[in-house]
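Here is how the chains run, residue by residue.
There are 2 protein chains.
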Amino acid sequence: MEQIRSYIDKNRDRFLEELFELLRFPSVSADPKYKDSVLATADHVAGKLKDAGADNVEVCPTAGYPIVYGEKIIDSTKPTVLVYGHYDVQPPDPLELWKTPPFEPTVRDGKIYARGACDDKGQFYMHVKAFELMMQTDTLLCNIKFMIEGEEEVGSSNLGIFVKNNKEKLKADIVLISDTSMLSMENPSLETGLRGLSYLEVEVVGPNRDLHSGVYGGAVANPITILTKMIASLHDENNHITVPGFYGDVIELTDQEKSELNSAPYNEDEYKNDLKVNELWGEKGYSTLERTGTRPTLEVNGIWGGYIGEGAKTVLPSKANAKISMRLVPNQSSEKITQLFTDHFEKIAPKSVKVTVTPHHGGEPVVTPTDSIAYKAAQKAITESFGKAPIPTRGGGSIPIVALFEKELGLKTVLMGFGLDSDALHSPNEKYDIFNYYKGIETLPLFHKYFAELSK
Amino acid sequence: MEQIRSYIDKNRDRFLEELFELLRFPSVSADPKYKDSVLATADHVAGKLKDAGADNVEVCPTAGYPIVYGEKIIDSTKPTVLVYGHYDVQPPDPLELWKTPPFEPTVRDGKIYARGACDDKGQFYMHVKAFELMMQTDTLLCNIKFMIEGEEEVGSSNLGIFVKNNKEKLKADIVLISDTSMLSMENPSLETGLRGLSYLEVEVVGPNRDLHSGVYGGAVANPITILTKMIASLHDENNHITVPGFYGDVIELTDQEKSELNSAPYNEDEYKNDLKVNELWGEKGYSTLERTGTRPTLEVNGIWGGYIGEGAKTVLPSKANAKISMRLVPNQSSEKITQLFTDHFEKIAPKSVKVTVTPHHGGEPVVTPTDSIAYKAAQKAITESFGKAPIPTRGGGSIPIVALFEKELGLKTVLMGFGLDSDALHSPNEKYDIFNYYKGIETLPLFHKYFAELSK
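Going line by line, the protein sequences match chains D and H.
Under full-length UniProt numbering, the first residue of the first sequence carries the number 1, and numbering increases by one thereafter.
Under full-length UniProt numbering, the first residue of the second sequence carries the number 1, and numbering increases by one thereafter.
Bound-form chain D, shown alone (with noise of 0.2 Å):
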């Protein structure tokens, strides 16, 4: 332990700046004219990885963006992680809400501000650094595999196909991930679930042009009076999900899992005051931590039709848009509920305009294994670094590919996630507390050596 702070502190400013310069690529994949910047910043993360003493580090072509992978065999017969992040970011928008530009690092009372900060490039790259300090201090005790895409904000859709493609090259004991949240410092977690997503976008169409609402109004069914009226009846009274066969799958959470849920610290009041809401909302019968962490949601991700510009258009418009995404929970499948709200929403359409879903992408709900000896590995590596014992979590968030590796490669995963929820994820001014990248890169090394040790 001594030995790894010790090269943390010599290494301190120089771990902080590699950082920023990778900040500074806008690698944002949901947006085709940041293209340029997101392959660059494949290539520079695999300059990285060769500088820390990767082997066979490659940008593997994909028919998206790459995936930059790497690894370092010290043993054929000692276990292998296989480390899995993203270098994209989600879109910046809305600009005009950050204190300082997205794509150029700034730090404020010791967090820093940019868009992926925490999600993913401020994690994955406590592990490359990490890894760095297992070479130069030759305590690596096991094989190490690195495999870091460039399209998981967009729901990772050609990794499935380079895993299937590679399952000899990505061979491992254990899938380590770092982009997840923890309750606080003081408060170290582990997450031992995941919500999986079916993202859709859905049109409906009026008349076959924007029409004078004077002339027409109140003779011609209006897209957007429909799309709202649509919208709206998604959830009923309670805020239940009122899809048909929406709840099918899903497992009530026992009464003993659900007051070990409900231990977490969590306080009503302060969680209002960050957000400034004088009032919460969600699913009639449910805690806060059971709605973020174990229920299925549908949340409008984004809506627009009409004249959406500066004073006053009495139009009435052709069409209206909006993007909906589900979470979903274990044991439900994104294929069944895209198509049950496909149906659904196909359904509920009056005749007076036509409605299309198209479905963006999905990924399926996950629950990681808390008796293995991987989990037991992490649960040390926490103790041991932040003097406290790590408690069991539910995410809210998806990461699609963990079920995609248990489905492929077998394998199953350790979240071990530095960030907070507070840290604005998506959010204009993300930001990562420097003392969590340190804390990663210290805890980071202990996981590699305690996997080791209890493997034997």
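All clues stand as given, with none of them false.
Because identical chains share one entry, a pair is satisfied inside a single copy or across any pair of copies.
For lysine to any residue, the following SDA-like pairs were computed, each having C-alpha atoms within a straight-line distance of at most 20 Å:
hint, residue 1, residue 2
1, 229, 350
2, 351, 232
3, 351, 288
4, 229, 277
5, 169, 74
In case anyone wonders, no lab produced these hints; they're calculated from the structure.
Put chain H on the given structure of chain D with help from the hints.
Just chain H, lined up with the frame of chain D:
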């Protein structure tokens, strides 16, 4: 009549070229980025009035865009016609749907395609050319005054003050406006009423920042979901508007008025086919002509919130907005309806969000008398040039200024429009038939002639 037609024939090409020149100005009053063009348009119109023979031409400054004034007083004992029109136009969005650029007028099968071709540049310019014609052929038998404003598409907010301050200058016997439609060139018609307008913008604010829909989804009210529920509730299952008191001041038509109104030529299949909709929509218990002409309506003109860019972003947005306008019928008050809507919308907002309603602009509904000298003069003029008496109709649109003229100047208005409902006002590919343009220039001198004669 022969004299009129021969003068038009001699100047046919120039009349069209001059209209094109006017249409090339992007005089969009709703969007500040067009400011210089709007101002340049005012100067251009003033010049054209001078050229046509008007005296005392002025570009009168206001708190917003200027009002162009000009007059020809041939004999103060003769009746005076005040011609009103507007040189500003609607925004051209969505641009990508225009077959040819909105500000590069193009002729396709006898129709002029350009923003403002019909609303209102093409129509008010007929008056300028008809005036030139009467001056050149020495057939002007009454006094004429022009008042062409630049803020009609944004609620004529400064015209009211101008009228109040210039009652003497604007003294007249009748107001003549061409800013409405006819049923068709085969079925000429005269509008006898217009709807009023109440236009506002609503904002629903939830959390203080955009959130990750996986981390917070299901626990925090999504402003888009809430906005859709609020908007959806504004029409009941019979498409009646649910704002309490909304219909309080509406006067139901008599059976006689209803049958007259419904006797106007109307073919539902053609109507649906023109718009490519399978089914019409509207308030239960009323026909399409009643819905658009005699009933108040509520339309969502625009809605936006969350991520509306390409691809997927799993965000739970901080806010959502909509532009909503209501068309009002005689005896309803714009101010009162705006208040009723605001009170209701704030009342139905759940505690989990904050709602703001911002009134944009309004206008009062009007009914024009059908027994006045001016109306009879219009009937005679149309009957002579079209060879067929005009059918009285009720327009669904709003020209807020009409009610103001009555209130401030005690003047009635004649709505002598030559457009068609199919001219795509406020839509991409707005058009105006060249035939209608010349037909207007031919008909207007007859109006002045008969108005002078019948006034004796």
